Amino acid sequence: MILSARQITKRFPGVTALENVSFDLDSGEIHALCGENGAGKSTLIKLLSGIHPYGSYEGRLEVNGEEARFRGIADSAAAGVAVIYQELALVEEMTVAENIFLGCEPRRFGLLDTARMHREAAALLKKFQIEIAPATPVSQLGVGQKQLVEIVKALGKQSRILILDEPTAALAEHEARILLNTLRDLRGRGIACIYISHRLDEVFALADRITVLRDGGTVFTCKASGTNKAHVIRNMVGREITELFPRVVRMGAGLKMPALEVKALTVADPRTGRERLSDLTFSVGPGEVVGIGGLMGSGRTELLMHLFGAWGHRMFGSVALAGKPLRAKTPAAVLSKGMALVSEERRRFGLVMEQSIGFNLSLSSLRKMSTLGLLSAAREHERNFAFFRRFRVKAPGLGSRVSKLSGGNQQKVVLAKVLMTDPSVILLDEPTRGIDVGAKTEIYGLINDLTAAGKAVILVSSELPELLGMSDRILMLHEGRISGEFGPGATQEELLAAAMGTPIALPARPLPKYLLPPALYLPTL
Amino acid sequence: MSNRFSLRDLSLLFALLAIAAYFTYSVRDAGAGMFYENNPFLSARTLSQLVVEVSITAMLAVGMLLVILPGHIDLAAGSGVGLLGGLATVLINGTGWVTESLAAFHDFIARTFGPEAAGWCPPPPWPDPVAMLFTLVIATLFWGFMGSLIVRGRIQAFIVTLGGMLIFKGLFWNVIGSRTISVTGTTVGKTWAVTAGGETFQIPQDWLHRLTTEYVDARTGLLAAGVIVGLMFIARLRAWSRRKGLGIEGDDFELTFVKWLIAAQMLFIFVLVANQYKGVPLPAVLFAAVAFVVHTLTRHTRFGRHLYAIGGNEEAAIISGIRVQRVTIWAFILMGIIVAITGFMQTAYAGATTTVIGDLMELDAVAACVIGGVSLKGGRGTVMGVFLGALIMATLAKGMSLMGVGPEHKYMIRGTVLVLAVWMDTRLNRRAV
Numbered sequence: 001m002i003l004s005a006r007q008i009t010k011r012f013p014g015v016t017a018l019e020n021v022s023f024d025l026d027s028g029e030i031h032a033l034c035g036e037n038g039a040g041k042s043t044l045i046k047l048l049s050g051i052h053p054y055g056s057y058e059g060r061l062e063v064n065g066e067e068a069r070f071r072g073i074a075d076s077a078a079a080g081v082a083v084i085y086q087e088l089a090l091v092e093e094m095t096v097a098e099n100i101f102l103g104c105e106p107r108r109f110g111l112l113d114t115a116r117m118h119r120e121a122a123a124l125l126k127k128f129q130i131e132i133a134p135a136t137p138v139s140q141l142g143v144g145q146k147q148l149v150e151i152v153k154a155l156g157k158q159s160r161i162l163i164l165d166e167p168t169a170a171l172a173e174h175e176a177r178i179l180l181n182t183l184r185d186l187r188g189r190g191i192a193c194i195y196i197s198h199r200l201d202e203v204f205a206l207a208d209r210i211t212v213l214r215d216g217g218t219v220f221t222c223k224a225s226g227t228n229k230a231h232v233i234r235n236m237v238g239r240e241i242t243e244l245f246p247r248v249v250r251m252g253a254g255l256k257m258p259a260l261e262v263k264a265l266t267v268a269d270p271r272t273g274r275e276r277l278s279d280l281t282f283s284v285g286p287g288e289v290v291g292i293g294g295l296m297g298s299g300r301t302e303l304l305m306h307l308f309g310a311w312g313h314r315m316f317g318s319v320a321l322a323g324k325p326l327r328a329k330t331p332a333a334v335l336s337k338g339m340a341l342v343s344e345e346r347r348r349f350g351l352v353m354e355q356s357i358g359f360n361l362s363l364s365s366l367r368k369m370s371t372l373g374l375l376s377a378a379r380e381h382e383r384n385f386a387f388f389r390r391f392r393v394k395a396p397g398l399g400s401r402v403s404k405l406s407g408g409n410q411q412k413v414v415l416a417k418v419l420m421t422d423p424s425v426i427l428l429d430e431p432t433r434g435i436d437v438g439a440k441t442e443i444y445g446l447i448n449d450l451t452a453a454g455k456a457v458i459l460v461s462s463e464l465p466e467l468l469g470m471s472d473r474i475l476m477l478h479e480g481r482i483s484g485e486f487g488p489g490a491t492q493e494e495l496l497a498a499a500m501g502t503p504i505a506l507p508a509r510p511l512p513k514y515l516l517p518p519a520l521y522l523p524t525l
Numbered sequence: 001m002s003n004r005f006s007l008r009d010l011s012l013l014f015a016l017l018a019i020a021a022y023f024t025y026s027v028r029d030a031g032a033g034m035f036y037e038n039n040p041f042l043s044a045r046t047l048s049q050l051v052v053e054v055s056i057t058a059m060l061a062v063g064m065l066l067v068i069l070p071g072h073i074d075l076a077a078g079s080g081v082g083l084l085g086g087l088a089t090v091l092i093n094g095t096g097w098v099t100e101s102l103a104a105f106h107d108f109i110a111r112t113f114g115p116e117a118a119g120w121c122p123p124p125p126w127p128d129p130v131a132m133l134f135t136l137v138i139a140t141l142f143w144g145f146m147g148s149l150i151v152r153g154r155i156q157a158f159i160v161t162l163g164g165m166l167i168f169k170g171l172f173w174n175v176i177g178s179r180t181i182s183v184t185g186t187t188v189g190k191t192w193a194v195t196a197g198g199e200t201f202q203i204p205q206d207w208l209h210r211l212t213t214e215y216v217d218a219r220t221g222l223l224a225a226g227v228i229v230g231l232m233f234i235a236r237l238r239a240w241s242r243r244k245g246l247g248i249e250g251d252d253f254e255l256t257f258v259k260w261l262i263a264a265q266m267l268f269i270f271v272l273v274a275n276q277y278k279g280v281p282l283p284a285v286l287f288a289a290v291a292f293v294v295h296t297l298t299r300h301t302r303f304g305r306h307l308y309a310i311g312g313n314e315e316a317a318i319i320s321g322i323r324v325q326r327v328t329i330w331a332f333i334l335m336g337i338i339v340a341i342t343g344f345m346q347t348a349y350a351g352a353t354t355t356v357i358g359d360l361m362e363l364d365a366v367a368a369c370v371i372g373g374v375s376l377k378g379g380r381g382t383v384m385g386v387f388l389g390a391l392i393m394a395t396l397a398k399g400m401s402l403m404g405v406g407p408e409h410k411y412m413i414r415g416t417v418l419v420l421a422v423w424m425d426t427r428l429n430r431r432a433v
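For the record, the sequence lines run as chains F and V. If you use our numbering, the first sequence corresponds to residues 1 to 525, in order. If you use our numbering, the second sequence corresponds to residues 1 to 433, in order.
The following block holds chain F by itself, in its conformation from the complex (with noise of 0.2 Å):
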């Protein structure tokens, strides 16, 4: 055994994050954890990791058999225990071999030895079979290979213990399934890894034990072989969820006025001067839930961005809501025309995370709580309550910070805040990203709501069954290209193949025979 955790108990102010929970790892292991945001996960890793130190928890730690007594997260590092976060910490100007030996920087003569820096990154980088060249800037690389960067980087410490927040978040499948490889490969060298996921496949494929926390305890540890995705879920909630995509299809749904129509749609990248939306022509129903898919990259992201007018240069094409042109080009005017949207980097683009809850609510719907700029408190505390209220947010009052609460509340804060300003076209950037299975599913109840009182609705997700559970219609983006229209009957594979620009023929639903050229004019089978 690597590492164990005894009895632990970890008081905040208020709450007690964890109670008596007792976890254990041994060499050569993938040990998942699971529950629910706010069921103790973080809590945990923080005094793995040292962030919270010895003496501020009840229990004990031990590393090799020996009581950890961590200070911080030099001492954790020191005993072989290193995190990967979600948010990641490499230096976007420095190379790949530069952050790997961040703060051990080989040195000759008292002088940066570069030359060896280089080539011991390179060797580590080919012992872990990862295709990136030392040389690299890190801003050059995608999500998923600053991941293995960081790993490497872990590794290159004689790190033994590997702890692995919600690594594939930000992962198209491709990149999850090479971050997976590799994990497998670590295992097989006796480096021990704790995995967090909501992606249960995931954890699944991968991990030898799973242990489940609710509520900051533990609810079950045992062999993945001897449970299966349906108990570990219904652990993690503590009820069943029979239906996790509930999405309710309302009759004649997008027959009326399009909400939202867009036109041979072409978006340049305003700093490199590329392409990177070509000619994207839909349109959205009230009432309807248009999903849209595709890799990393894809241009889905940028899409939102741009119709919301953050982002990009429009070369030709054009936005139309409810049948008149949009012509506003900032997110306030936007906004005030009625389509708002929710990013996929909530705490980048959707909160003020210094402030509190009621702050975040009221952003942007001030004007309607003030007469002539100056704020009623009343209007606005009723009106936040209200939707604090609506979404439940797990918090002990709006006068929490919005930095202290889990991702799903936070993600339940970004959604109310937008929803307040009552907008008739809704933007989903993917909205249950890293969030927990029972805050996704009142988040698809939202959505259901929405168009049941004819909003508009894309959501964009890098989750197939999401996709396919959700959406009405679903469009699947390659490199800035619709390559697909889909109903909600097709297969994950038809989708990926879509996203992945596999021009394979989709028997299923041929184009309409009068929109194709005459030389490319195929008898159908």
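Hints were generated in silico from the structure; no laboratory data involved. Please read all numbers here as calculations on a predicted model, not as lab measurements. Even glycine gets a Cβ: it sits at the ideal position worked out from N, Cα and C. It cannot be assumed that every hint is accurate.
Said to hold, decoys possible - Partial pick of chain V residues on the chain F-facing surface, computed with a CB cut under 10 Å:
id, residue
1, Leu141
2, Ser320
3, Gly321
For chain F, the structure is supplied; the task is to place chain V on it using the hints.
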């Protein structure tokens, strides 16, 4: 966004008392006892001067808060104080090239459209209020332009205002011709006759030098304090009952009352002490007005919320539909106005405009903000904190002057206090988390 008088403010208050006690002790007249009348630090005259100096420092610091909240800074404030004070002085005296240009403009209009048409733009010397208003307009233009450069040109505020600092300094010397020009200009003794309700009032035109020589007389001061305390009581009571009605967490009734009582006592003590000399100095009233406006802006308006949001997370602010550019430019325009007012007061307090007016005042303002708990990254800070910070900085400066500390030591001590205060603040904050 708690509106409460925080623990941090309380510790600042204690630090202030300790500093005051130290000066009281160290400048005492040996053998003559430590308290009142005998003590130069506690003399009514010193305290009155201190009030004026605090008002000036705090005024600029409160303006600085407005630009630091959205995450910017204004290094041009000090030069601006000199320039704008100097401009107003030049205009009331009718000297320098600005006067000549304005006179030339007047002649041009008169030649082109006839002498009657040029009546609206007489050549300087102007009455003080006119000169000050003109200066205020110039200030809004300058600061509005700097704000636009920052947000539209995407140049860091540090660079833009550093450039502004140098340019304004040069322009300042240029405008006053590197001379010393008295604020008691040609308008002293002149009045406007205003008839209202059958009576004729004589309204003086020499406002500028009166800014720091006028006092609110004893009775009016007490009356005003009484009215303010009464209004404050009503406001607190209403806020408390509203909180209770809505179930918002906050101070209970006793605490609300005690805080009001303390504030009321402090205000009355202040007025009584000021009355020992000539009454409440006008700069204190001006500062109170500006502080009240800025407090209301930051705490109770949409504009203020937007300032905090931009400083807290600019990208999220943009996505939340805040017109970041417009809000930021407005913050700079308000700063320009406050710089101008501070310029008038500082120049008036010195009695004349000279090349050193305003030197390093921007750093005092930033220091007051930082000591007062304002985050230089933006998004955090209150008017109350800034006021306490300014109080500490100004008290230190005054006390050291009285002790006869040389300027070389003054600089070192003020720098040390600044760094020490911030160091303690970060330590205390870390422990609180």
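Hint by hint, here is what the structure shows:
With 10 Å as the threshold, the beta carbon of Leu141(V) stays out of range of chain F, its nearest partner Cβ sitting at about 23 Å, so the hint is violated. Interface hint at Ser320(V): satisfied, since its Cβ lies 5 Å from the closest Cβ of chain F, which is below the 10 Å cut-off. Hint status for Gly321(V) relative to chain F: holds, with the closest Cβ pair at about 4 Å, below 10 Å.
In the structure shown, a violation is registered for the earlier hint numbered 1 alone.
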